[in-house]
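**Q** Generate coordinates for the entire structure from the input sequences, incorporating the hints supplied.
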Amino acid sequence: MSDLAVEVKNMTKVFSRGLKKSDYVVAVDNLSFDIKPGEVYGLIGPNGSGKSTTMKVVLGLMSPTKGDVKVFGYDSGDIRARNEIGFLPENPYFYKHLTGKETLKFYGKLCGFRGRELQDRIAELLELVDLESAANRRLGGYSKGMLQRIGLAQALIQRPRLVILDEPTAGVDPLGSRQIRDLILKLKDDGITVFLCSHLLEQVQEVCDRVGIIFEGRMRREGPLEELIQIEEQTAMTFSGAKPELLAKVRELIEADSGATIVEEGHPKTTLERLFVSLSHASNTDDKGDEK
Amino acid sequence: MNQTPPSVFEPATKTVSPFSLRRVMVIASSSVTQLVRMKTFYFLLAFAAIIVVLMSLNPPTTPAGVLSTIKRISFGTMDVFAWLFAIVSTALLIPKDIEDRTLYTILSKPVRRIEYLIGKLLGVLWVIAISLLVMYAVCALALWSRETLYIAEELEAMNADARYSAENVGAQIALIEQQGLRPELGIAVLGSFLKAAVVASVTIFLSTFASSSLFSIIISVLVFIIGHAHTMATSFWLYQTDNSLFVQLLLKVVKIFIPNFQLYSFSHGIIQGEAVAYSLVWQMTGLTGVYLVVFLFLSLLVFIDKEF
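Protein chains in written order, with the numbering used here: chain A, 1 to 292; chain B, 1 to 308.
Worth flagging that the hints you see were computed from the coordinates, not collected in a lab. Every value quoted in this text rests on a predicted model; they were computed, and no experiment measured them. Glycine included, C-beta positions come from ideal geometry on N, C-alpha and C. Do not rely on the hints blindly, as some may be mistaken.
[As the list claims (entries may be wrong)] Rough simulated footprint, nothing fancy, chain A against chain B, three-plus residues with beta-carbon under 8 Å: (1) 18-24; (2) 28-38; (3) 96-102; (4) 222-230.
**A** Next up, the structure:
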């Protein structure tokens, strides 16, 4: 049995565009990467770079033209591989005529759950994604954020060892996005492997251990996030409570060194997302205080 | 000692069976829910309205004639409902799943493609079976009430008239009963169901490679119509040798690839009051099974490597 969660080896995927043999497009070209159990791996790249194709091959929805793709040692087309995978699609691809509870029941039954075990699993997942109050509403009436959350619950229904998330926060407001990010971190804490495809680089940076950058079907850079993003020849220092005199001394010391220069100086900034979330929390606390 | 409850995320260690009838039934029951919530059962209201109208008519004919008319129209409606519903619902279900990409989330679970196809087909057949049973029950009630009324009226009228002997009365009653509610009518309903099952399997095969529901519906209707010309095609094939190559080829295609829907017309005789051999019913059920297996196999050949 393989000790890797996902193993993509020299994978190539070619799509024919017509009847002629010469009329084809190479969506993924000799791609190789692997994901270790318990790791959060981010695959990033522009539209049409081959992210979705790679993800579909891992899910067994497509077969590779060349190369091998394995999930926990099983070939990606093997039904046993799919039993290990929970998939959250970019858009909520669910039956709109079903309620949230019925949706989880449907997918749970497909995964072999039934009876009390299924009921308990549905209840704990609805609680996890905070959709207990909307459990009996049809998905047709759900907002985008609610659909993503029920999608995440659906992905987790069979207690998968690998969760594949395709643009999990696309179209979701910052609070919902934050909730999903926290859930990804919870998955990581519980040892679940996460394979994340996203355009939102900041989100990838926040949660991923390792990142692959794919462009025109080829892996351009791949490795641990910290290694990829650090600028080797620069060093950042953040002071707290430093007086102007101390800062002036530091500047003098650096200017005295012939090889060093100050590239940037100023106050560290928060992100718009963090500001938005903190303001929302503050507003909620004020409202509760007013009610009291 | 207290045990720590398992985390919400704790991985399961479940085994997956290579083929699961349970998964098939989950998909089938989900398709039934989908069709029911698409308000397909509204057709039953239309059928009930047809029966009410038929019951309110009093055509200037014999009681046996009235019963025969009620049977022909109601069973004809049931038959049309069954095959038309089989085509339309089957043609809608799979392309809709592909179009809405619901298929992504279903096939990313431990579900085999054959389980999905069989599940969808069973879902459609389930709804058709329920609908036919309800329609048959309504029709049987209508027939029984009319038959009982006519027999009572005939008995009263003929017994009051000294010209009629006991034999005359018995013959008249037998004539009414022949056109009334008989157990064989259930076989006619089964005939409609079997025909619908074959049409649904043809449509499911077309849906696996069709680019739209409309295409599947049109081609399925064409196959259904051509399937009624099977005997003609066979006799041409056997006895005509001077046809062009195109005609010969066309006849062979009809003979080999298109199901013979004419065989299911045995139910017409039953509706007209004729007897039916039970061996024929078994043969037709067996033949339907063969058609289902063949078309599901062809569907799987296309669907198994289909990329989404």
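**Q** Each of the hints needs a verdict: does it hold here or not?
**A** Results of checking the hints against the structure:
no.	hint	in the structure
1	18-24	holds (count 4)
2	28-38	holds (count 5)
3	96-102	holds (count 3)
4	222-230	violated (count 0)
Violated hints amount to a single one, hint 4; each of the other numbered hints is respected by the structure.
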